[in-house]
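Place chain B on chain A using the hints.
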Amino acid sequence: MSEGRILPVIHHVGAVLKARGLPVTRLRAWHALLPLWLILAGATAHAASDPEAPGVLSILLRWSPLLLRGFVFNIIISLLSMLLGTILGLWLGLALVSQHSAIRAPALAATEFFRNAPWLVLLFFVTFMLPFQVEIGHFTIPFPGWIKAVLGLALAIMANVAEIVRGAVQSIHPGQWEASEALGFTRSQQMWRIILPQCIKRMIPPWMNLYAIVTMSTTLASIIGVNEVVTLAGQVQAAEGGRTDLLAPIYGYVLLLFFIYSYPISVWTRRLERKYATR
Amino acid sequence: MPRGDDQPTGWTPDQPIVHIQDLHKAFGEVEVLKGVSLDVAKGEVICIIGPSGSGKSTLIRCVNALTPFQSGTVTLMGIDVGDPNLDKLRLRKHVGMVFQQYNLFPHRTALQNVMMAPLYVLKRPKAEVEAQAYALLKKVRLEGREHAYPGEMSGGQQQRVAIARSLAMQPDVMLFDEVTAALDPETVKEVLVTIRELAQEGMTCLLVTHEMGFAREVANHIYFTDRGVIVEHGPPDQFFRNPSDPRTRAFLNQVL
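Sequences listed follow chains A and B, in order. Note that my numbering gives residue 85 to position 85 of the first sequence, counting from 1, and the numbers run on in steps of one. Note that my numbering gives residue 1079 to position 79 of the second sequence, counting from 1, and the numbers run on in steps of one.
So that you can see chain A by itself, here it is in the shape it has in the complex (with noise of 0.2 Å):
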């Protein structure tokens, strides 16, 4: 026997069906996939019934090693402005907190126009307004479209991470400050040796999210000419003639590459975020 969740719901049901005895489910979270796995199994069948194309499932097995190679670039595009963002943000946060308004004002200012700004037309301005080479002495240094994206996004991702830097601190009880404080701790004391430590718990679980929609926002490099996954698929079924009944597969393919990729550290979040409210 299981150990699912019987959801509030269906508990009702779950108990008249067993008064009756015929077999109770308890829904989990996965078995909302299997809607999608009939929509992508039904769209394959119709492609496959054309007895004279070859099957899509060899089609797709065909093309994995190109859409895999592509896929493994948007994780490398997400990793990169990852960690690009996390460090810039976390200086970002901190001047956020700072008691010096001079300080504080432009960390403002940044912070409010990176996160009200769209990531795409974020993407767009980093690719026009940054060479497409650059010359330094001698060296003439490609900046090729991928190094682009990792910039324009690790832009959005340091005004996200300054904010939740910002809220963590702020979440922080003021009794540490007040403590430290008459202590004689002086201001950066307070923040390396006690504030910010406590933070770090707080900070992983929407540090974690902004990942999640980070891997996402990575097939956005899609439309300033990167070589990712989703580029790739529209290349893939051009190469196959253009079969419009080969689009559900083929995206279906690149929707369960990310699902595979994501659900696992979503999993993982909620696991945290549960383990780190317990105090």
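Hint data in this document are derived by calculation from the structure and do not stem from the laboratory. Hints should not be assumed to be uniformly reliable.
Quick list of in silico lysine to any residue cross-link-like pairs, SDA-like style, CA-CA up to 25 Å [stated by the list, open to error]: (1) B:Lys1042 / B:Glu1232; (2) B:Lys1138 / B:Thr1073; (3) B:Lys1189 / B:Val1129; (4) B:Lys1088 / A:Ser101; (5) B:Lys1126 / A:Gln176; (6) A:Lys275 / B:Thr1109; (7) B:Lys1123 / A:Leu196; (8) B:Lys1088 / A:His173; (9) B:Lys1088 / A:Thr244; (10) B:Lys1126 / A:Glu181; (11) B:Lys1042 / B:Gly1010; (12) B:Lys1139 / B:Asn1220; (13) B:Lys1123 / A:Gln189; (14) B:Lys1088 / A:Ala95; (15) B:Lys1126 / A:Gln189; (16) B:Lys1138 / B:Glu1178; (17) B:Lys1088 / B:Thr1073; (18) B:Lys1088 / B:Gln1070; (19) A:Lys201 / B:Gln1101; (20) B:Lys1126 / A:Pro197; (21) A:Lys275 / A:Pro205; (22) B:Lys1088 / B:Lys1189; (23) B:Lys1088 / A:Gln189; (24) A:Lys201 / B:Thr1109; (25) B:Lys1189 / B:Asp1237.
To be clear about the criterion: a stretch of chain A counts as covered by chain B if any three or more of its residues have a C-beta under 8 Å from a C-beta of chain B, and this derived list gives those stretches [stated by the list, open to error]: (26) 166-180; (27) 188-196.
Restraint-style ranges between C-beta atoms, simulated for each label pair [unchecked claim]: (28) B:Asn1085 / A:Leu108: 27 to 33 Å; (29) B:Lys1088 / A:Arg104: 17 to 23 Å; (30) A:Arg274 / B:Glu1217: 45 to 51 Å; (31) B:His1024 / A:His173: 43 to 49 Å.
Here a beta-carbon is modelled for each residue, glycine too, at the ideal position from N, C-alpha and C.
Only chain B this time, still in chain A's reference frame:
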């Protein structure tokens, strides 16, 4: 405790160690302290009692510069607390504070809580600080609990760690802001015993408290505040037996 690095302030032990004169403090429009004056001699234990909102906590928070004030004089061992260029670090080496909510650092063990201030603020050597921390925790009867985290301790134990933590800075004056108010009755006693021992050792203590029994037993002087002024004050015998002001009488009737 005299410190070599301290500039002389001209204060001598025969003068009041804490001197407050005509202190006024307002939060925005609301005036919370309306001209409070009191003197505390070295080694004295004074208790400040009164109804909620009378300004008791604000008063002692002004003594260690946790709360700024608008006008009046507050000096501690000759250091002018109201000075806009006050060296707060220097002030806080001489006065420690214990809070109602303990405010221990939850991410550190009891021992580390007691060690952090002398280590990072006073920059004393680690071995010396550690030895002192063990001694202080033993003094507050928490021997054996040095490596426990605040979350693993009862309220009374946490409050005693908080007292040890403040004592680690070797202050000359200790401020207690309703330190037993958040504790259940069984644990109140263990904290009061600790404070009484401190008092008997000669520590100057300013306590904001509701514990009338403790005040009567341990205090040298009681101050009653109401709506931002000191209504009456006196030694405990006289104060509790023969309060002169009707407000004092009314308050004592309610709490005793």
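Numbered hints the structure breaks, given as an ascending list: 2, 3, 9, 22, 31
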